Amino acid sequence: MSVIVVLAAIAWNTYHDVSEGITTSTALDGASPSTGAEQNILLIGLDSRRDQQGRPLDEDILGAMHAGDETSGSYDADVLIVVHVPAGDGPVTAISVPRDDYVELPDCPTPDCQGKIKAAYRLAYESVIDSQTTDDSQSSAASTDMAAREQMAREAGRKAQINAVKDLLQIPIDHFVEITLGAFFQIARVVEPITVCLSEDTSDQYYSGAEFHAGTQQIDAAQAMSFVRQRRDANDVLFTDLDRTRRQQAFMASVVNAVRHGGTLWNPVKLHALLDVAKQNLAVDAGFDLAELVPFASAAIDRSVEFYTLPVTDFRTLPDGEDVNIVDAEAIRTITQQLLSGEDPSTAQSRTESDRASAQHVTLDVVNAAGLDGVAAGVQKALAKDDFIEGSVGTADSVSAASSITYGSGAQSAAESLADETGLSAVASDAVAPDTVLLTVGTDFPTSEYVDGLASTADATTTQIPSPTTVAATAIGEAAPTPTNLTVMSTGSVPCVR
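Following the working numbering, the residues of the sequence shown are numbered contiguously, the last one being 510.
Mixed in with the good hints there might be a few duds.
[Stated by the list, open to error] Across the chosen pairs, the derived CB separations fall in these ranges:
1) D232 / G48: 21 to 29 Å
2) A226 / H284: 55 to 63 Å
3) H284 / G403: 34 to 42 Å
4) D301 / D326: 29 to 37 Å
5) S215 / N279: 17 to 25 Å
6) E116 / E223: 37 to 45 Å
7) A487 / K393: 21 to 29 Å
8) S460 / K397: 47 to 55 Å
[As the list claims (entries may be wrong)] With a cut-off of at most 20 Å between alpha-carbon atoms, the simulated EDC-like pairs for lysine to aspartate or glutamate come out as follows:
9) K171 / E116
10) K282 / E204
11) K393 / D335
12) K291 / E167
13) K397 / D432
Bear in mind the hints are in silico, worked out from the structure with no lab data behind them.
These figures come from a predicted structure and were not determined experimentally.
The beta-carbon is built from N, C-alpha and C at its ideal position, and this holds for glycine as well.
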């Protein structure tokens, strides 16, 4: 998905009329952006067999994709990747959110507001479609114009999906790119053959059509669809949906390598073909001028891209038979904050005294999530000193294993200084007031270093949850990643995955 964005930006730099045909959205209107020059771009890949105008994909494309007909699939967001482009020269970080993570859905249209994170888009989309279908009194053009209804429903879906990701990760989203299923096939058809690598033989002829042997091999567009859609393996009962996520990352890494070395960037015929793919399959927020994508494109092509897959704690089957991923939301947020901070420790140690001085005009709020009496007030007093204005203190509804620092507008420098002192990461948040830093003290916080004589009121069985181990997504055998691992994959070469 990120590949088509990169290539569309490069093509825009050559053929400036591309933006005229791309769908734009107001789903991010009013959202608070990241501070500074860094960018968080949410990539949304839909399972729909329709293009951005709601038209069914061509039958030859559906057949080649081994993905059923136009009635197959849904408006689930089967691919969710946050691409973080840092302000400096560091690597681009791409964080994959597993589609079946069972989370709170902030914009859920039904009384039960828990579900798979991928369902946020579909539920909002269907709610709009259903309301327009059943409301006989509605006389607007949108109720009779199928194209207008489709766009209204998709706008609702986009907003809901963006909010679901923001709610889970607790990060701002600056821009988003939505791509339909057909884009995978069409981009692959433009740049085929694509070199991929598998660590072992794999077979899934019935569902995805996958049939590959171990080793490095070149595949065409139809095979690429099987490669990225496979989530079952007749030879490996432990093959999971997380392996599918890593396949998608490997596909993108392989295409980036192909683009770097295969001449696509300089082939006007292929660039025009990629523009056509973008116009049929791409939607972006209205504030995302493709001119802004050129630096992003350069970063993604010239720098290393590190793909991470967030861990799950368990797999579970719900009473209705649906299989979901159980996740620790607080741990996920901490991991995300750490990945997006990406700051060299030597840089943190070299902060000037002016950084600390700027905190004197910033309020420090503290929330006690450690299960220890008096911790919020004690930690606030110890940390504020002459550096912060003492703000509110409070107690969280439940004990949390992970501490965190979030901040509102105007408080970045102060928050980062506090992060240096406490060993945490600081992340901007729309939920925090301007000129305010919010410190949430979890069970991992070294409270004894700041407050004496604290007595625990937490349940005796409460234990700190260890940070997940980060392992290579390409590891095999006993070293192969498990669902509880945070995995990483880089674009330096063609990655070999299971």
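Consistency of the hints with the structure:
no. : hint                    : verdict
1   : D232 / G48: 21 to 29 Å  : violated, 42 Å
2   : A226 / H284: 55 to 63 Å : violated, 37 Å
3   : H284 / G403: 34 to 42 Å : violated, 56 Å
4   : D301 / D326: 29 to 37 Å : violated, 43 Å
5   : S215 / N279: 17 to 25 Å : violated, 35 Å
6   : E116 / E223: 37 to 45 Å : holds, 39 Å
7   : A487 / K393: 21 to 29 Å : violated, 46 Å
8   : S460 / K397: 47 to 55 Å : violated, 18 Å
9   : K171 / E116             : holds, 15 Å
10  : K282 / E204             : holds, 11 Å
11  : K393 / D335             : violated, 46 Å
12  : K291 / E167             : holds, 17 Å
13  : K397 / D432             : holds, 16 Å
Hints 1, 2, 3, 4, 5, 7, 8, 11 from the list above are not met by this structure, while the remaining hints are.
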